[in-house]
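Student: Below are the chains, spelled out letter by letter.
Protein chains: 2
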Amino acid sequence: MTEIYTLEQIQSAIKGMDFSPAIEEGFVQYSLGNVTVPPVGELVFDQPPGDTHIKYGYIQNADTYVIKIASGFYDNPKLGLSSNSGLMLVFSRQTGFLKTILLDDGFLTDIRTAVAGRICAAYLAPEKITAIGVIGTGIQARMQVEYLNTVTPVQNVYVWGRNEKHALAFQADLCAKGYDVSVMKTPAKVAENCNLIITATPSKQPLLFKKEIKPGTHITAMGSDTSEKQELDPQILKRADILVADSRSQCRSRGEISRALAAGTVTEEKIIELGDIIHRPEKINRTENCISVADLTGVAVQDVQIATAVCRAFENRGKQGE
Amino acid sequence: MTEIYTLEQIQSAIKGMDFSPAIEEGFVQYSLGNVTVPPVGELVFDQPPGDTHIKYGYIQNADTYVIKIASGFYDNPKLGLSSNSGLMLVFSRQTGFLKTILLDDGFLTDIRTAVAGRICAAYLAPEKITAIGVIGTGIQARMQVEYLNTVTPVQNVYVWGRNEKHALAFQADLCAKGYDVSVMKTPAKVAENCNLIITATPSKQPLLFKKEIKPGTHITAMGSDTSEKQELDPQILKRADILVADSRSQCRSRGEISRALAAGTVTEEKIIELGDIIHRPEKINRTENCISVADLTGVAVQDVQIATAVCRAFENRGKQGE
Chain A
14 MTEIYTLEQI QSAIKGMDFS PAIEEGFVQY SLGNVTVPPV GELVFDQPPG DTHIKYGYIQ
74 NADTYVIKIA SGFYDNPKLG LSSNSGLMLV FSRQTGFLKT ILLDDGFLTD IRTAVAGRIC
134 AAYLAPEKIT AIGVIGTGIQ ARMQVEYLNT VTPVQNVYVW GRNEKHALAF QADLCAKGYD
194 VSVMKTPAKV AENCNLIITA TPSKQPLLFK KEIKPGTHIT AMGSDTSEKQ ELDPQILKRA
254 DILVADSRSQ CRSRGEISRA LAAGTVTEEK IIELGDIIHR PEKINRTENC ISVADLTGVA
314 VQDVQIATAV CRAFENRGKQ GE
Chain B
14 MTEIYTLEQI QSAIKGMDFS PAIEEGFVQY SLGNVTVPPV GELVFDQPPG DTHIKYGYIQ
74 NADTYVIKIA SGFYDNPKLG LSSNSGLMLV FSRQTGFLKT ILLDDGFLTD IRTAVAGRIC
134 AAYLAPEKIT AIGVIGTGIQ ARMQVEYLNT VTPVQNVYVW GRNEKHALAF QADLCAKGYD
194 VSVMKTPAKV AENCNLIITA TPSKQPLLFK KEIKPGTHIT AMGSDTSEKQ ELDPQILKRA
254 DILVADSRSQ CRSRGEISRA LAAGTVTEEK IIELGDIIHR PEKINRTENC ISVADLTGVA
314 VQDVQIATAV CRAFENRGKQ GE
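Residue numbers (this note's numbering), protein chains in the order written: chain A, 14 to 335; chain B, 14 to 335.
None of these hints come from the bench; they were simulated from the model.
Be careful, since some hints might not be right.
[Stated by the list, open to error] Here are the simulated lysine-lysine pairs, BS3-like style, with alpha carbons at most 27 Å apart: (1) B/Lys223 with B/Lys198; (2) B/Lys283 with B/Lys224; (3) A/Lys112 with B/Lys112; (4) A/Lys112 with B/Lys91; (5) B/Lys141 with B/Lys91; (6) A/Lys332 with A/Lys296; (7) B/Lys227 with A/Lys91; (8) B/Lys190 with B/Lys202; (9) B/Lys28 with B/Lys141.
Please read all numbers here as calculations on a predicted model, not as lab measurements.
Please construct the entire structure, taking both the sequences and the accompanying hints into account.
Tutor: Have a look at this one:
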């Protein structure tokens, strides 16, 4: 019998849950080679522009495997709809039978992505964060900022967005939550004011350039997850003292690192996987003027871990209800 | 709002429907290059043995795209469960939103696979079918035989299965439906008695060999859909006068043709796509002693077409109910 849960049920079941430990553990197992994650399945559309990703896999010895489908259709807001949607499917490793459908509309993908940003900041951000910079004004731009609350008490935020209206809405929303938000005219102005920057756009051209990045800055680039998207000039990755990928193999063909590899500004030897750093933080040494870049393309193990945790939450509820 | 339909609802909605025209049209559009079908996503498991396939794509200008997940776990019958399971997901091409979940438990995959076998027989079988041969005794072995009812009135069936009990059950079931079924001791004995043969096993070693195939025989090999499975000796494909693939690109890495290409017994030039034959049947010329082989690996366009047809059936029901 397949269990089906709606977004509302999921939101209620996970209230107060912190997925960071589960997702950290997922990255570690992934980097240790204990996770099977085939290449991402992908459909890329024009008119209207959109992409659908299928991410799937399992942790060795687990009793389930997970298939996650997530879509971003960037004209949806014009129709009054969310860009993101999706669902997660949990299967039995013993029989292949579908156990659970999480109709999360992309919500769990948003969370596991924001959690990955939080993890990057926890391990890579400078000791003294002066202000948080955000390039982009969408759901992830907001969540990435809010999820930093366990990493830093800083509430100074500088934001840039292509669409000024959206930037002002971002400002209003985060101000209502207690943040102090300044809207900047250019991405460069964000970089000038911040030493922790998150890029969260579907841009296909670089938005930030090497000369704009101050020494001592950490950048988490989470917007570019296809071979077409790009937010950072590859020269930034060349300049970076620490260059982190969520998945070495995915970053060969997706995201900022793939562009820098293609441009020849970095070589694979420079890349450290996020799971390696979580497993052995002493692997990196962040000095004062260090520039670090973490390139997040989104790894199926994040989906596996969050879907598993959510299913467990429903199971526990079921037991309590008995 | 996502519509969710159970197997029972699907079975009721499609009663009496013939999917052959839709699936023929799908193969034609595929071979004309009007269908986007990325490489098959795959998880292959040991202990217990099983595989999960993700097939997905869309026909150009369609307003939906389809993702299908189908699993075969071959020890399930020991637990009293079906080997096959799965579901189909239909998404809006405009927004990426999930429109419909067909919880078909693999039933629609079974149908679209059986329909593909029927189409192969309709275009490739010898004019006078003497008897139907089946290698394998599972669901597909049964359905492949039954779906031939629109192609031939022949009800003489010869079957071989690894497990004699299952072969006897196959015999009993089809006899109850009016067929005259003989259980053979070897695959060779099936070939000796038949000029239309279907192979429908998850075998990893060849079960039929060149010298066993009589001139004038057509073989539809539908069991091997991964790079590991194989039912035919590659020498049969070398001997074949007509060699058909459901998908040229998939057959490079899956099924009988991939084995024969690797063994060097055939070259790609020899392969004709099924959709090309449906589109222009004059492309092939079946002479009396001709041996033909059709290698079916299962193409996402079949799933796209059957899912679309089922959704339309539900929509029409909805309208009638208004």
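Student: Going straight from one Cα to the other, do B/Lys141 and B/Lys91 come out at no more than 27 Å?
Tutor: violated (39 Å)
Student: Between A/Lys112 and B/Lys91, is the straight-line Cα distance small enough, at 27 Å or below?
Tutor: This hinted pair holds, its Cα atoms lying about 19 Å apart.
Student: Assess, step by step, whether the Cα of B/Lys223 is no farther than 27 Å from the Cα of B/Lys198, and give holds or violated.
Tutor: The hint holds at about 18 Å.
Student: Mind checking the alpha carbons of B/Lys283 and B/Lys224 for me, to see if they're no more than 27 Å apart?
Tutor: holds (21 Å)
Student: Would the hint linking B/Lys190 and B/Lys202 be met if the CA-CA limit is 27 Å?
Tutor: holds (23 Å)
Student: Starting from B/Lys28, check that the Cα of B/Lys141 is at most 27 Å away, please.
Tutor: violated (31 Å)
Student: Could you grab the alpha-carbon distance between A/Lys112 and B/Lys112 and see if it respects the 27 Å cut-off?
Tutor: holds (20 Å)
Student: So if I understand the rule, the pair passes when the alpha-carbon distance is 27 Å or less; does B/Lys227 with A/Lys91 pass?
Tutor: violated (64 Å)
Student: Can the restraint linking A/Lys332 and A/Lys296 be considered satisfied, given a maximum Cα separation of 27 Å?
Tutor: violated (42 Å)
In summary, the structure is inconsistent with hints 5, 6, 7 and 9 from the numbered list given earlier, while agreeing with the others.
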